[in-house]
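Q: Quick mapping for you: the protein sequence lines, in order, are chains A and B.
Using the numbering used here, read the first sequence as starting at 8 and increasing by one per residue.
Using the numbering used here, read the second sequence as starting at 2 and increasing by one per residue.
No wet-lab data here; the hints were simulated from the structure.
These figures come from a predicted structure and were not determined experimentally.
Only pairs whose alpha carbons sit at most 25 Å apart, straight line, appear in this in silico SDA-like list of lysine to any residue:
no., chain 1, residue 1, chain 2, residue 2
1, A, K320, A, L303
2, A, K191, B, F82
3, A, K191, B, T110
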Amino acid sequence: MGLVSAAVLLLVALFVLPAIAGSDWITTFTSVAIYSIVALGFSVLYGRVGMISLGQVAFLSIGVWAGTRLAYATSIPFPLLLVVVGAVVMVIGTLVGLTAIRLSGLYLALITLMFAGATTVVLSVWDFPNGGHGFTGHTSVPDLSGLENVRRPSVGVGDTAYYRYVVIVAALMFLLALAHIVSKPGRAWAAIRESEPAALAAGVNVTFYKLWAFALASFMAGVAGCLLAALNGVSRAINFQTQDSLTLAATALFGGVFSVWGALIGGIFYQLLPFLFEAQWGVNPNFLLVVFGAGLLQVLLLAPGGLADQFPKDMANLGRLLARKVPPTRQAAFGLGSNFALILGIVLIVTVSPLLGLAAIILAPILAAQALD
Amino acid sequence: MVEIENLAVRFGGVIPIDGVSLVFASGTCGLIGPNGAGKTTFFNVMSGFVKPSRGTITAFGENLLKMTDYRRARWGLRRTFQTEMAIEQLSVYDNVAMIHEHSSAKRATRRADVLSAIEFVGLTASPKSQVRTLNVRDRRLVEIARAVVGQPRVVLLDEPAAGLPDQETEHLGGVIRRIPEQFGALTILVDHDMSLVSACCETTAVLDFGKLIASGPTAEVLRNEHVINAYLGTEEEL
Numbered sequence: 008m009g010l011v012s013a014a015v016l017l018l019v020a021l022f023v024l025p026a027i028a029g030s031d032w033i034t035t036f037t038s039v040a041i042y043s044i045v046a047l048g049f050s051v052l053y054g055r056v057g058m059i060s061l062g063q064v065a066f067l068s069i070g071v072w073a074g075t076r077l078a079y080a081t082s083i084p085f086p087l088l089l090v091v092v093g094a095v096v097m098v099i100g101t102l103v104g105l106t107a108i109r110l111s112g113l114y115l116a117l118i119t120l121m122f123a124g125a126t127t128v129v130l131s132v133w134d135f136p137n138g139g140h141g142f143t144g145h146t147s148v149p150d151l152s153g154l155e156n157v158r159r160p161s162v163g164v165g166d167t168a169y170y171r172y173v174v175i176v177a178a179l180m181f182l183l184a185l186a187h188i189v190s191k192p193g194r195a196w197a198a199i200r201e202s203e204p205a206a207l208a209a210g211v212n213v214t215f216y217k218l219w220a221f222a223l224a225s226f227m228a229g230v231a232g233c234l235l236a237a238l239n240g241v242s243r244a245i246n247f248q249t250q251d252s253l254t255l256a257a258t259a260l261f262g263g264v265f266s267v268w269g270a271l272i273g274g275i276f277y278q279l280l281p282f283l284f285e286a287q288w289g290v291n292p293n294f295l296l297v298v299f300g301a302g303l304l305q306v307l308l309l310a311p312g313g314l315a316d317q318f319p320k321d322m323a324n325l326g327r328l329l330a331r332k333v334p335p336t337r338q339a340a341f342g343l344g345s346n347f348a349l350i351l352g353i354v355l356i357v358t359v360s361p362l363l364g365l366a367a368i369i370l371a372p373i374l375a376a377q378a379l380d
Numbered sequence: 002m003v004e005i006e007n008l009a010v011r012f013g014g015v016i017p018i019d020g021v022s023l024v025f026a027s028g029t030c031g032l033i034g035p036n037g038a039g040k041t042t043f044f045n046v047m048s049g050f051v052k053p054s055r056g057t058i059t060a061f062g063e064n065l066l067k068m069t070d071y072r073r074a075r076w077g078l079r080r081t082f083q084t085e086m087a088i089e090q091l092s093v094y095d096n097v098a099m100i101h102e103h104s105s106a107k108r109a110t111r112r113a114d115v116l117s118a119i120e121f122v123g124l125t126a127s128p129k130s131q132v133r134t135l136n137v138r139d140r141r142l143v144e145i146a147r148a149v150v151g152q153p154r155v156v157l158l159d160e161p162a163a164g165l166p167d168q169e170t171e172h173l174g175g176v177i178r179r180i181p182e183q184f185g186a187l188t189i190l191v192d193h194d195m196s197l198v199s200a201c202c203e204t205t206a207v208l209d210f211g212k213l214i215a216s217g218p219t220a221e222v223l224r225n226e227h228v229i230n231a232y233l234g235t236e237e238e239l
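All chains should be modelled from the sequences, with the hints used to inform the complete structure.
A: Given below as structure tokens:
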């Protein structure tokens, strides 16, 4: 079932969307695919191993940096560039992980967030991406418009061809994550997530497998960064802020961290909704932060599996309620009401008034709290 | 055979194990004592979670304390916990298989070994079922299957019958009794259910306030005056 859905989705993404969508939509879908890879790294770390890393967008930005510099400095083929950049970020991620895995819970979240903050500072001090000649090229001109674009793969020079290329790389990254989840590392991660002492007693080298997860998540963020560097042509430090890591974590949790589908939903929230708000509906996309916040609260209160897990259940509940097969329980009614408030809020923000919409959105977590026993 | 020599554990001013010397020879051995006697701390020392302040543990001729915690499982040390710790996200099969893949047992025999461990504990649920859907009894049995798969040498069972009704405790007792003959592993059972300890263990050791107060054949130990006093308390003249 999952495989069939994934294959259908991949075919739609590769052939149907490019046929019906305009060029700005295609660029947005490319970003969705790229950020889904980053969200997937977050899901592996939190959903599988139980480690909250709030530094995933920082790893992405290091990937953009390494990708940009290596593209300027070398002429290696693009697929090799992706792997090399992934490996560079993986080494950095593993080094950060080496320090971070001694901590857990809130402290791990804090140290990774501080890493994200430090990366932002370094990028802006360095005036990222800075210059176009060789690995250490430097320009003192603040205007970067004269810079050469980071090259794209020869089979994906145009926007649509590059979009297809990115979708295929993203699909490969999802397969890589799935291959881990269903094999020895995935089972070891599940044991660590359940209980570290029990995992140790089961013979799992907890430090090694935690580092492995960090390495995998940062490799994926590095590959995503290299893809983003080539999508942007010339990237700017201002596009990679510390809070982006938090927003990405919120959208990944909202999408669901226990299923790889959740990462895709996270990518859609993170990139497609702001595009719809700003470019299509003319609404300030910052309102989305409130939507993500309310959605995150709702997920934390009611549905730890996120939308990927909860949405089908809610729809089944709604179907049963409408068919009057079961009497409406308090939990189902408030749960559905909470979802309805969130959707209504988005519709109101876009169509009537942002304030009215925000009021409806704030109702969503309040209703979710009422649905608790 | 597991030989413990002059073992002591110190947490600041608290001494949960205080100079215990003891031998677990073979078969299923009981380790009992009132709450706070040091039984779980002893298991934690065996597992490598707690470092003793002095003493040695020799298991089948090897210095157990020198081994890194996770390597002890590969060597053949298995344990269950007071709070059941089967992995909710995985199926029954994967729960047992993950122990096998971190053990010294051969990969080629994994499937057969895992299925025979599941059959050994008498689990009626399908190996494909997710652990989160199982009841307490079945989860306990999954834990025992995890403890016996992949060539175990020493199996530590920490209150495996906690929370189980009598009939199910009886089934569990039958399973525990058969571990040494089936898998050749020395089994050490900690439990407060004396009927389970009597039914499973030929010998039993008793800890009280971190000290060994009795050891020997189970029936004799359970009649021992010091043991009865440790459990029931003594009358003190004021």
